[in-house]
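Number of protein chains: 2
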Amino acid sequence: MMQIAILGFGVVGSGTAEVLTENKKLITAHCGEEVSVKYILDLREFPDHPLGDRVVHDINVILNDPEVVLVAEMMGGSHPAYEFTSAALKAGKHVVTSNKEVVANYGVELLTLARENHVRYLFEASVGGGIPIIRPMQTDLASNEIIAVSGILNGTTNFILTKMKNEGAEFADVLKQAQAMGYAEANPAADVEGLDAARKIVILAALAYGVLIDPKTIPTEGITKITGLHTATADKLGCAVKLIGHTERIDGKIYAAVSPYLVPASNPISHVDDVFNGILVDTNMLGRALFYGAGAGKLPTASAVVADIIDILSHRAEERKLPDWKNAAPADIADKADYICRRCYLIEGCPQCAAKAKAALGTEICEFVEDGKFAVVSREMSEKEATAALASIGLQAVFCLPVLD
Amino acid sequence: MMQIAILGFGVVGSGTAEVLTENKKLITAHCGEEVSVKYILDLREFPDHPLGDRVVHDINVILNDPEVVLVAEMMGGSHPAYEFTSAALKAGKHVVTSNKEVVANYGVELLTLARENHVRYLFEASVGGGIPIIRPMQTDLASNEIIAVSGILNGTTNFILTKMKNEGAEFADVLKQAQAMGYAEANPAADVEGLDAARKIVILAALAYGVLIDPKTIPTEGITKITGLHTATADKLGCAVKLIGHTERIDGKIYAAVSPYLVPASNPISHVDDVFNGILVDTNMLGRALFYGAGAGKLPTASAVVADIIDILSHRAEERKLPDWKNAAPADIADKADYICRRCYLIEGCPQCAAKAKAALGTEICEFVEDGKFAVVSREMSEKEATAALASIGLQAVFCLPVLD
Numbered sequence: 011m012m013q014i015a016i017l018g019f020g021v022v023g024s025g026t027a028e029v030l031t032e033n034k035k036l037i038t039a040h041c042g043e044e045v046s047v048k049y050i051l052d053l054r055e056f057p058d059h060p061l062g063d064r065v066v067h068d069i070n071v072i073l074n075d076p077e078v079v080l081v082a083e084m085m086g087g088s089h090p091a092y093e094f095t096s097a098a099l100k101a102g103k104h105v106v107t108s109n110k111e112v113v114a115n116y117g118v119e120l121l122t123l124a125r126e127n128h129v130r131y132l133f134e135a136s137v138g139g140g141i142p143i144i145r146p147m148q149t150d151l152a153s154n155e156i157i158a159v160s161g162i163l164n165g166t167t168n169f170i171l172t173k174m175k176n177e178g179a180e181f182a183d184v185l186k187q188a189q190a191m192g193y194a195e196a197n198p199a200a201d202v203e204g205l206d207a208a209r210k211i212v213i214l215a216a217l218a219y220g221v222l223i224d225p226k227t228i229p230t231e232g233i234t235k236i237t238g239l240h241t242a243t244a245d246k247l248g249c250a251v252k253l254i255g256h257t258e259r260i261d262g263k264i265y266a267a268v269s270p271y272l273v274p275a276s277n278p279i280s281h282v283d284d285v286f287n288g289i290l291v292d293t294n295m296l297g298r299a300l301f302y303g304a305g306a307g308k309l310p311t312a313s314a315v316v317a318d319i320i321d322i323l324s325h326r327a328e329e330r331k332l333p334d335w336k337n338a339a340p341a342d343i344a345d346k347a348d349y350i351c352r353r354c355y356l357i358e359g360c361p362q363c364a365a366k367a368k369a370a371l372g373t374e375i376c377e378f379v380e381d382g383k384f385a386v387v388s389r390e391m392s393e394k395e396a397t398a399a400l401a402s403i404g405l406q407a408v409f410c411l412p413v414l415d
Numbered sequence: 011m012m013q014i015a016i017l018g019f020g021v022v023g024s025g026t027a028e029v030l031t032e033n034k035k036l037i038t039a040h041c042g043e044e045v046s047v048k049y050i051l052d053l054r055e056f057p058d059h060p061l062g063d064r065v066v067h068d069i070n071v072i073l074n075d076p077e078v079v080l081v082a083e084m085m086g087g088s089h090p091a092y093e094f095t096s097a098a099l100k101a102g103k104h105v106v107t108s109n110k111e112v113v114a115n116y117g118v119e120l121l122t123l124a125r126e127n128h129v130r131y132l133f134e135a136s137v138g139g140g141i142p143i144i145r146p147m148q149t150d151l152a153s154n155e156i157i158a159v160s161g162i163l164n165g166t167t168n169f170i171l172t173k174m175k176n177e178g179a180e181f182a183d184v185l186k187q188a189q190a191m192g193y194a195e196a197n198p199a200a201d202v203e204g205l206d207a208a209r210k211i212v213i214l215a216a217l218a219y220g221v222l223i224d225p226k227t228i229p230t231e232g233i234t235k236i237t238g239l240h241t242a243t244a245d246k247l248g249c250a251v252k253l254i255g256h257t258e259r260i261d262g263k264i265y266a267a268v269s270p271y272l273v274p275a276s277n278p279i280s281h282v283d284d285v286f287n288g289i290l291v292d293t294n295m296l297g298r299a300l301f302y303g304a305g306a307g308k309l310p311t312a313s314a315v316v317a318d319i320i321d322i323l324s325h326r327a328e329e330r331k332l333p334d335w336k337n338a339a340p341a342d343i344a345d346k347a348d349y350i351c352r353r354c355y356l357i358e359g360c361p362q363c364a365a366k367a368k369a370a371l372g373t374e375i376c377e378f379v380e381d382g383k384f385a386v387v388s389r390e391m392s393e394k395e396a397t398a399a400l401a402s403i404g405l406q407a408v409f410c411l412p413v414l415d
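First to last, the sequence lines map onto chains A and B.
All residue numbers for the first sequence refer to the working numbering, where the first residue is 11 and numbers rise by one.
All residue numbers for the second sequence refer to the working numbering, where the first residue is 11 and numbers rise by one.
Since the hints were derived computationally from the structure, they do not count as laboratory data.
Fair warning: there could be bad hints in the mix.
The list makes no distinction among identical chains, and a pair is therefore deemed to hold if it is satisfied within one copy or across any two copies.
[As the list claims (entries may be wrong)] Calculated lysine to aspartate or glutamate pairs in the EDC-like style (CA-CA distance at most 20 Å, straight line): (1) 383 to 345; (2) 35 to 334; (3) 331 to 231; (4) 308 to 292; (5) 246 to 93; (6) 263 to 55; (7) 173 to 203; (8) 35 to 155; (9) 366 to 393; (10) 263 to 381; (11) 235 to 328; (12) 34 to 155; (13) 100 to 292; (14) 366 to 52; (15) 100 to 342; (16) 100 to 348; (17) 383 to 180; (18) 100 to 345.
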C-alpha cells in the first residue's frame, strides 16, 4: 500500500480520487501495490464523500507523515499552492500537479527544489488537460529540435469561437450561453482575455527551449474583440478563427504569445472544435505532430494527474532526470516586431485599393468579405513591414489576424 | 561515449544515423554522454557514407563486442531480424526497432527474453512512424482503461484514398501515380491489401489489452475494391473513406480488424489526409485522444527510433518494466459477427425501397447517391442483424462500409 495526499478537493481533486477508485485494478497493477489516499487537504468538510474521513485542514499533518510519499496538488491559484508544494518537496515527497499557474510562475524554483530533495515534480495535467503532451515532449520528441509549438490551449474560448463560427453569433451572446452551460466562469477574464493560454504556452516554451518566461509579460490578446466580421472573413478564406498560444525561436531568442489567428482548413488544428484542445509541435526530424483531446474537465484532467502518480510510484526506486529550466532574462525574449508570419488584413476599400494592397503585401490572396471590405493575406513578413507597406499606399486595416500555416 | 550498432542500413537505418548526427548536441545532453554508432550491419558496402567504415557483415562482431550496449534493428521483414534481435537480447544488449513485422509476430517472446536478460526492447517506431503513440499509451494513458483504438495506420493507402476523394479518380489510376511518386512500392500488396495496417493494429491491441494476436488471423480488407461509387457515397453523407485498423473489447474478448470505413467529418480522424497517420484512442477517463503526424518516412521514423535510444541510454542504470503480453488463444478473440457499429449500405432501389430500408435498419439517414442507388446508414447493430433485416424486405447491398463514430 502506497499512501498519497490530495491537496484541494475541488473538480480535479475529487476527479483524481474518482479515477483512483474507478481504475484501481489497473493502477495497482502498474504500481505493484495499491495506491491509497491517506489525506485530503481542503478548507471544507465532505461528510457525504466516501473519503470524507480523510479530510484534514492542516498541511503539517501531511508534511509530517512519513507514510505519505506523494502529494497531488490541485488547489488552483498561486497561493498557498506554491508554498505547500515547496514544503512538500522539502519534506522529500514527490509532487504532481494540474496547477498551471504555479508551474508557469514558480516552475524553475520548484524543479530545482525537487532535484535537491531527490524527488520528482510532474505536471502533465497543467497543459492540455488530459491530453498527453508534457511527457511526449520530454521523451518521444527528445530526439528532435523543437521548431515551434502552436496550440488551442483553452477549451472555453474554443467553445465560444466554434459557436460563433457555426451560428454566426456575436461574442457577448455566445459567452452568456457558455456561462449558462457551465463552460465559462461567471468571471471569464482568465479564459477570454487569454491569460490561461498564456500560462500554458510559457510552460510549453520552457519544455521546448529550457527557458521559463513570466506569463504576464508575453503579448497576450484574447477573443473579446472578435466579431462576426472576423468569422465571416475567416469563412471567406477557408479558415477558422482560433485562439492560439504560439512559441518559436527567433534568432536564438524565444518568442511566446497568445492571440487569435486565422487557421486554414489544411492545418489539422483548424478542425479542433468545441471544448477540445489541440497542440501542434513542429520539429526538425519528425516534422509536425498533433496532440488532440479533452483539454479540461474533471475526469480527463484527473486522468493526467493519475498518469503522473503512476509514473512516479511505478519507478520509486529510481532517480529520474527533471527538466532543467532557467528563468528568462530580458535578453532571452524575442521582440513581437520580429515575428514573421502571413497576416490577414481586413481593409475598407474599392477593388483598385485591393489590387494595390495585393501588390504591396506580395500576395494573390484577396477576397471581398462584404461590399467595400476586402481581406488580403500578406506573404510572410513582420507586422511592421506589412503595416508600412499598407501605409505607403494610404491604407489602414480594420483588423489584422496572423495566419497559422 | 556509448556505443550502439545499427542493423540494416536502408531508409530508416540511414535515417537513424542522420538523426544521431544532426541532433547530436541535444541527444548527448539527454544521454549524458555521446552516442556513437560503432557498427552498421548490412549485406552491402557504403564506401561513400561518412560511416562507411563501420559496416560489418557478421552479426557476431556486434554480439561479441561488450562495448555495444544497444542494437537498433531496422532490417525489415521477419528473418533474420527476429533471430538477430533474439541473439542481441540474449547477449545482454538493449534492442530498439522500427520493425512491426517482428514485433507483431514475435513480440511476446522477445519481451520475455528482454525481461530475462535485464535489458529493454522498445518499438515506438513500429506503429505510426514518428508519431508518439506506443510510449504515451504505456505512460500517459496508463491511468485509463482503453475502450478502443482506431487508426489510419498506413500512409500509402491514405494517400491513395485522399487522391481518390479529391480528384474523383479510380483506385488503379491513383495507385500508378503513387508508385510513380515513390509513395507506393512496385509490389504494393502489403499496403493496399491491409497487411501492414494489420500488423500495426495487433501491436496497439496488445498495448491496450495485453494480448498479442497473430496479424495473419484478423479480418483484413484493403482498399483494392474501393471505387468512385464508394467515394461518392461518402461525400454525399459528409464522410471520408479511410482504411482503419480497429480494436476493442467485446464481451471480454478482443476484436481487431482492418477495413475501409466511412468516417464522418465530426470525427477528427476524417481530416487526416495524404500520407499522414492518425490514431484515436478511446478511454474510460480521458475520453478520446488523437495522435497525428508523419506515419512513415526516413527521418520521422528514425526520430522515433532515436527517442527509444535516448529513453534507454538516459536511464541505463534502471531496470524498467516492459509490457507483459501473452499470445492470443482462440478463446481470447472476438468474432467479427459480434462487432456492433453503424454501417452504410449502398442499395439499388427506388424511393419506396429506401423507406423500407430505413425502417428495417432503424435509421433516418438515407441519401440517393445517384439515380436508383441509395445509401442508408443503420443504427448500431451487428452485421448479421443488419443483413438479415435487409434480406427480410428483399434487399441486398452493393457494398457495405462500417462507420467510425
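Within, between, both or neither: residue 366, residue 393 at alpha-carbon 20 Å: So residue 366 and residue 393 pass the 20 Å test inside one copy only (18 Å; across, 61 Å).
Under a CA distance limit of 20 Å, which applies to residue 100 and residue 292: within one copy, between copies, both, or neither? neither (37 Å within a copy, 38 Å between copies)
Within a copy, between copies, both or neither: where do residue 100 and residue 348 come within 20 Å Cα-Cα? Neither way: residue 100 and residue 348 sit 42 Å apart in one copy and 55 Å across, limit 20 Å.
Within, between, both or neither: how does the pair residue 246, residue 93 come out at a Cα-Cα threshold of 20 Å? This pair counts as neither: shortest intra-copy Cα distance 50 Å, inter-copy 58 Å.
Intra/inter-copy verdict for residue 331 and residue 231 if alpha-carbon distance must be at most 20 Å: Neither. Shortest intra-copy (35 Å) and inter-copy (45 Å) distances fail the 20 Å Cα cut-off.
Using 20 Å as the alpha-carbon threshold, which applies to residue 173 and residue 203: within, between, both, or neither? within (18 Å within a copy, 41 Å between copies)
Should residue 308 paired with residue 292 be assigned to within, between, both, or neither, using CA atoms and 20 Å as the limit? So residue 308 and residue 292 pass the 20 Å test across copies only (17 Å; inside, 29 Å).
As a check of your reading, is residue 263 near residue 381 (CA-CA no more than 20 Å) within one copy, between copies, both or neither? So residue 263 and residue 381 fail the 20 Å test inside a copy (42 Å) and across (62 Å) alike.
Between copies, within a copy, both or neither: which fits residue 34 and residue 155 at Cα up to 20 Å? between (38 Å within a copy, 10 Å between copies)
With identical chains, the pair residue 366 and residue 52 could be close in the same copy or across copies; at 20 Å between alpha carbons, which is it: within, between, both, or neither? neither (63 Å within a copy, 60 Å between copies)
Is it within a copy, between copies, both, or neither that the alpha carbon of residue 100 lies no farther than 20 Å from that of residue 342? So residue 100 and residue 342 fail the 20 Å test inside a copy (30 Å) and across (49 Å) alike.
Within a copy, between copies, both or neither: which one fits residue 100 and residue 345 at a CA-CA cutoff of 20 Å? neither (37 Å within a copy, 55 Å between copies)
Hints 1, 3, 5, 6, 10, 11, 13, 14, 15, 16, 18 from the list above are not met by this structure, while the remaining hints are.
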